[in-house]
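Those protein sequence lines, which keep their order, are chains X and L.
Residue 157 in my numbering is what sits at position 157 of the first sequence, and the numbering runs on without skipping anything.
Converting from the second sequence to my numbering requires adding 371 to each position, the first position being numbered 1.
Mixed in with the good hints, there may be bad ones.
Result set (DSSO-like, lysine-lysine): computed pairs, CA atoms no more than 30 Å apart in a straight line [unchecked claim]:
1. L:Lys-693 x L:Lys-873
2. L:Lys-749 x L:Lys-736
3. X:Lys-337 x L:Lys-513
4. L:Lys-480 x L:Lys-490
5. L:Lys-502 x L:Lys-447
6. X:Lys-46 x L:Lys-559
7. X:Lys-106 x L:Lys-510
8. L:Lys-679 x L:Lys-502
9. L:Lys-513 x X:Lys-106
10. L:Lys-508 x X:Lys-41
11. L:Lys-513 x X:Lys-41
12. L:Lys-559 x X:Lys-41
13. X:Lys-137 x X:Lys-337
14. L:Lys-480 x L:Lys-749
15. L:Lys-513 x L:Lys-490
16. L:Lys-447 x L:Lys-480
17. L:Lys-508 x X:Lys-106
18. L:Lys-447 x X:Lys-41
Note that these hints are calculated values from the structure, not bench results.
These numbers come from a predicted model, not from an experiment.
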Amino acid sequence: MSARAAQTVRTYDLYLLGAGLFLAGFGLVMVLSASAIMAEKFWHDKLHFFSRQGVAMIIGLLAMVFCAVVPRGFFYRLTYLWLLLAAGLLLATVFTPLGLTVNGAKRWLALGPFTFQPLEAVKVALVLYLGYFFAAKQDRVKRFSIGFLPPLLVTGAFAGVLLLQPDFGGAAMLCMILFLMCLVGGTRLTYLAASALLVLGAGAMLIIHSPYRFRRLFAFLDPFKDAQNVGYQLVQSLYAFGAGRLTGVGLGAGSQKLFFLPEAHNDFLMAVVGEETGFIGVSLVLVLIAILLWRAFVITARQAELRDRFTACGLTCVLGLGFILNLAVVLGTVPPKGVPMPFMSYGGSQIIMSFVCLGILLNLSRREAGR
Amino acid sequence: MARQMRQPKDRSRLMLAVIAGGFALALFGLWLRAGWVQLVQGERLAGLARRQHLAAEFERGERGVILDRSGRVLAKSVRFTSVYARPVEIEDAGRTAAELAQVLEQPMKPLTAQLKSTKNFVWIERQIDDKAAARLKDKDLKGIYLTTEYGRLYPNGHLAGQLLGFANIDGQGIEGLERAYESVLAGKTAEFVVQRDASGRRLYLDAHGREVDIDGDAIRLTLDGHVQDLAEAALAEAVVKGRARWGSCLVVEVESGEVLALASYPFFNPNVKAKVDPASWRNRPATDVFEPGSTMKPFVVSAALQEKVVRPENVYFCENGKWRYSGKTIRDDVHHYDWLTVNKIIRYSSNIGAAKIGLDLGARKYHQYLSALGFGQKTALDMPGESPGFLRPPERWYPIDLAAASFGQSVGVTLLQMAEAYLCLASDGLRKPLRLVLDPAPELPAPVRVFSPEVARTMRAMMLEVVEADGTGQHLRIPGVPMAAKTGTAQKASPQGGYGDKHVASFAAFIPGDAPKYLILAVIDEPGPVYYGGVVAGPVVRQVGVNLLAYKGRLPDTGLVAAAPAPAGAGGEGAGLEEPVARVQPAAVAAGSVPDVTGLSLRKAVEVLAAKGVVPRLEGTGGLVGKQNPAPGSAWPAAGEDMFTLWLTS
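Please build the complete structure, drawing on both the sequences and the hints.
Spelled out as structure tokens, the structure:
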């Protein structure tokens, strides 16, 4: 029995699992370090965020195990249900009183004592849908009205609702997922190139019509010019990274999280990692991310079924884009948008859905190994 | 079918490789970026971060309080709200200015100009009242901010005003103790700041994220608010009545050297410093140098006794009041004497006698004693603006200088120096530093022996004769309490050279004179037309002494006071004597119940209560008692209960 169980475990991709668990564990420690003082002050409980993150992680791990062992039909047969469910949650945040307004944006859904960010679920549901779509319509995918328009409309609808929240970063992320899945799914490159041009054109219009917004968007290029205002968060993030140097100031000893760096335990957690564990710690996180993505791509490439492959590809993109966009923001290379670090940043929705992605990928890795 | 399937699979595999490559490139790029930020720019960014921590939105702690010896608050910080604007954030300067003008009752024009400036920060008004602050908060004008600042409040008005000095609007000590103890009192600046939580509490953290206390420390003075008040009242009366320029009075507890009162008149109220002449905030006992006159004589005589140049019973020929010496004439102006023993030279304050003793002692020796007593140097108190006085080196003393210095001319002293020198005589010849601050305990120089105990006692016995025998202070006797004292009346050097018709009157006394507990000194500058130390300055010392003894419960039975002889001396000085007689025993009160002190002057009321061993708590300001608790006729509060309260009105 135990030998069989061990055999079963071994059929999963353990590198993928290990990388994910290490990231989550390290993230949990850093959340404690980044949030303890702030939590003590505002909640009179040093462990306020830490314990919540811990609970989310346990739920996430359970969800991961479930997703890893459940027959794939559970995802595939109910694709539209997931999509409708995600859409319902998203619409509820914007159009019902359940939506929670934080900092002028309605991105959270209040369900009793819990809050949930539907965007995280939307990403996974969209990937399941697109995976189904490109696999099912593979023979007609080159036709504009069948192969390109429907996914564009579905994604566009989600993105549109996200813009109402407003969540520009989330909308952009969905578009990027669509773009990457279209690439893999076989959409004509001319369509993709045309839509890319369209986006660029829209961007140009925006610049011409609203220079203020443009300035705000591109303040990241020289955050120090407006360090007290638009560039504040970024400057504080760079200070944190800079203060860390090679070896860091030591776990818990960072000072940027002391109210200088807003959202230190959240989107800017990597800045605290940078300050407290230095370039070495940042490199370690990057190595874990590289292992995780490498395994995810290997799993994706090994999928014989198109639907498996597209789904795996989409999940890989969800995680990969999350890692890259978050790092790019905290390191000041793209305009700052609220993108959490998968597995690491504080946030129950993010943690649980990251583990769900990991679970589905593990599920697919088993099937592939089982052949 | 198989071909159809393979083609999209191959393409998707290619695209996957492209995406993986893109991800890898992006991650590698971010890794390089992290290296650039952390390793190459790290030092610069770390420096900027540190600077931000140090210069971060500073928060100053509250300035420490100044307390008297019993914890009564002499100076404290109070929170004020101030308004500032960030003009860059203001969209409609005209409308904002109109709103501000209405609430703050300021003219529109300068406000509009301020709001239209290109600065990032301008003060609109500092220290506004609470009502205006609340209204501005409600209006929530864009670009207009309220902030909390600390202002300095001196709850007792002018009480010890010159000694306390004041702090400016930015919380920096500018004068007096506020300046001398800046390092203790000043609130520290928080390195890390921090927003406030919902309850408005502030949190200050040090470099390790620990909470720190950035409030300044309190200082507790040796001063006793009551004694200070007594001294100020007596001084004010004397300076006004004597038509003098100013006066100072100092009360010292002999055993500890602690200053109980350090008063100057005209008063200075640090709360309204903006409207007054800067001269009024001089802490004159420390800053002003005067030629003391005869109050200097005990030191030349003590030095001569110590050096065994004279003995108390030696006699000196006092030239019948006029002695031509070294081209100048030395006079004893009121009375003229022929032969006087040393004790009588002190008793009658003969200038000629003192000059002859000084000449017998010699310049070098006399100078040596004056230096040992602290003349010519700042005291250990080191008050802001304190003067070292004026003491020429002995090589440059002409014989006439030595003679003049023997009766206190041609040397310049501060009242603090006089106090330390007299304290030495009171402490049996041991020179002890004055103390002004109890907490934090200052480092004090060790006591130094200047005179032998016998010499000090001999001198005190001679000073006792000044009051208790037929000396220059005989009219100042306090019945039942012997007082040892010395009068001083000095001519002031005129700007034209030589001495003019202006005088400095001074008086120093030990109470009780045989075993001193308190040392009281007073100096009155340019009184007129009566200018004798015993007449102008003496009553101040006497009145303070009587009230101090009453307050300390050391005044002998009232019958003795009532039997006191009517005071001699000119200018209606008797007022200072009659008062205690009248007020020690309030009328028509059963011994076991609380007297009615309402309607009495504060001083009177305090004395009445002090006689019963009760120190009342005072509420409000003013000189009259408006209300009292417990009510008249009710039982005395139990011992130890600090429950007697007087409400004052003016």
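Status of each hint after checking the structure:
| no. | hint | in the structure |
| --- | --- | --- |
| 1 | L:Lys-693 x L:Lys-873 | holds (21 Å) |
| 2 | L:Lys-749 x L:Lys-736 | holds (21 Å) |
| 3 | X:Lys-337 x L:Lys-513 | holds (27 Å) |
| 4 | L:Lys-480 x L:Lys-490 | holds (17 Å) |
| 5 | L:Lys-502 x L:Lys-447 | holds (22 Å) |
| 6 | X:Lys-46 x L:Lys-559 | holds (27 Å) |
| 7 | X:Lys-106 x L:Lys-510 | holds (27 Å) |
| 8 | L:Lys-679 x L:Lys-502 | violated (74 Å) |
| 9 | L:Lys-513 x X:Lys-106 | holds (25 Å) |
| 10 | L:Lys-508 x X:Lys-41 | holds (25 Å) |
| 11 | L:Lys-513 x X:Lys-41 | holds (28 Å) |
| 12 | L:Lys-559 x X:Lys-41 | holds (22 Å) |
| 13 | X:Lys-137 x X:Lys-337 | violated (34 Å) |
| 14 | L:Lys-480 x L:Lys-749 | violated (52 Å) |
| 15 | L:Lys-513 x L:Lys-490 | holds (16 Å) |
| 16 | L:Lys-447 x L:Lys-480 | violated (36 Å) |
| 17 | L:Lys-508 x X:Lys-106 | holds (28 Å) |
| 18 | L:Lys-447 x X:Lys-41 | holds (29 Å) |
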